[in-house]
Amino acid sequence: MLKNDHEKSHKTNIMKNWPLFEIFIRSKNGLDHRHVGSLHAADAHMALENARDVYTRRQEGVSIWVVESKDITASDPSESGAFFEPAEDKIYRHPTFYELPEALKHM
Amino acid sequence: MSNEELLVHFQSRIDAEEKIEAKDWMPEEYRRTLIRQISQHAHSEVVGMLPEGNWITRAPSLKRKSVLLAKIQDEAGHGLYLYGAAETLGVERDVLIDELHSGKAKYSSIFNYPAISWADMGAIGWLVDGAAIMNQVALCRTSYGPYARAMVRICKEESFHQRQGYDILLTLSRGSDEQIRMAQDALNRWWWPSLMMFGPNDSNSPHSAQSLMWKIKRFSNDELRQKFVDMTVPQAEILGLKIPDAKLKWNPDRGHYDFGEIDWVEFNNVVKGDGPCNKLRLEARIKAHEEGAWVREAALAYAEKRSRKIA
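Chains A and B, in that order, give the protein sequences. In short: position in the first sequence from 1, add 10, done, that's the numbering used here. In short: position in the second sequence from 1, add 209, done, that's the numbering used here.
The set of hints was computed from the structure by calculation and includes no laboratory data. Keep in mind that a hint or two might mislead.
Straight line, CA to CA, 27 Å or less: simulated DSS-like cross-link-like pairs of lysine-lysine [claimed, not checked]:
| id | chain 1 | residue 1 | chain 2 | residue 2 |
| --- | --- | --- | --- | --- |
| 1 | A | Lys80 | B | Lys228 |
| 2 | A | Lys80 | B | Lys274 |
| 3 | B | Lys514 | A | Lys80 |
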């Protein structure tokens with residue numbers, strides 16, 4: 011009984027020890043890698059092979075990046091108002107801000 | 210912001226069709242509902258492999274065998290996408306698996322019915338996957354971003370599942386008398402359980418209103434069930450098979466098919482665990498998990514060894 015319990019917790023620990031990876035796939039050359047999802051793997055090498063089996067079964071990719079989820083630093087959504095605010099009042103960064111004569115061509 | 214203000218803000222985002230993402234503020238009940246629904250959905254994909262797995266070695270040709278293998282492999286992948294989506298809500302994978310194995314978490318009751326003939330592979334693809342697609346297409350617009358994205362991916366892959374099932378029945382229905390009988394028998398056994406897949410009637414579905422308000426669900430159980438019936442009846446006619454419902458009839462006033470009442474006693478029994486295969490399915494799941502433990506351990510040992518070599 012004790013041994014069983016020990017084995018059980020041992021197994022659970024091993025599950026927990028498999029880190030989470032985020033998967034990015036380039037669908038064809040000329041395009042960016044794009045986030046497609048995540049998976050657990052024992053290491054990055056296994057994450058690559060599993061990502062191939064899970065996310066490119068129908069030739070959806072020509073290149074895969076895997077990144078451990080814990081290595082990603084993300085902006086905080088509850089702060090996103092203040093974080094992105096500096097860009098809000100700078101409409102002169104868009105071409106439509108400028109009213110130019112109709113006669114003007116090629117601009 | 211106070212909790213009440215947060216709630217109002219949250220609902221206004223939902224109403225404006227904004228997607229909710231993993232790190233956004235959300236009501237605890239929204240999070241709990243999603244974890245329950247997404248993990249049930251993931252478990253269904255995983256348990257759903259079991260009735261079909263039995264037929265891999267018995268498929269009638271190499272082509273059918275390759276197709277069935279590909280379909281089952283997709284289902285493993287779909288389970289993974291969904292577990293991944295559930296994990297973004299802060300729940301650990303092993304907790305979800307434990308809940309499945311302990312019987313705390315549910316999976317779709319349809320997989321507690323036995324697949325006793327090759328024609329069942331056809332009926333499962335056509336009807337069970339057909340009903341699942343009906344649900345899943347609606348869920349592509351669900352309010353939780355990671356769930357919606359998983360659904361889009363699943364729907365893209367799943368339409369072949371339904372077509373290969375229909376193709377199996379089409380072949381049988383154009384075959385010998387015995388093959389036609391097999392196809393009809395499969396339809397007879399899978400029709401009603403497929404209709405049950407949409408869940409209880411709206412009047413009996415206590416969580417539906419909240420889920421619809423939060424746009425986790427986009428259509429009610431009865432709406433989707435009706436859509437499924439309307440779509441499937443003409444498909445059965447092409448097969449020349451008869452749907453086992455004496456009350457099934459086109460209603461020109463409603464512009465829909467009328468159909469008979471589901472056996473809700475049977476539905477509740479299977480949900481409660483007294484279906485034909487509940488015990489078998491869970492045992493097979495647990496056995497696979499436990500017997501696969503050494504593979505997970507070996508993978509970890511190998512990863513450690515490799516990292517020492519690199520270092």
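Tested hints:
Only pairs whose Cα atoms come within 27 Å are accepted, and Lys80 (chain A) paired with Lys228 (chain B) is accepted, the gap being roughly 24 Å. A C-alpha spacing of about 40 Å is found between Lys80 (chain A) and Lys274 (chain B), which places the hinted pair above 27 Å, so the restraint is violated. As the CA atoms of Lys514 (chain B) and Lys80 (chain A) are separated by approximately 22 Å, the hinted pair is consistent with the 27 Å bound.
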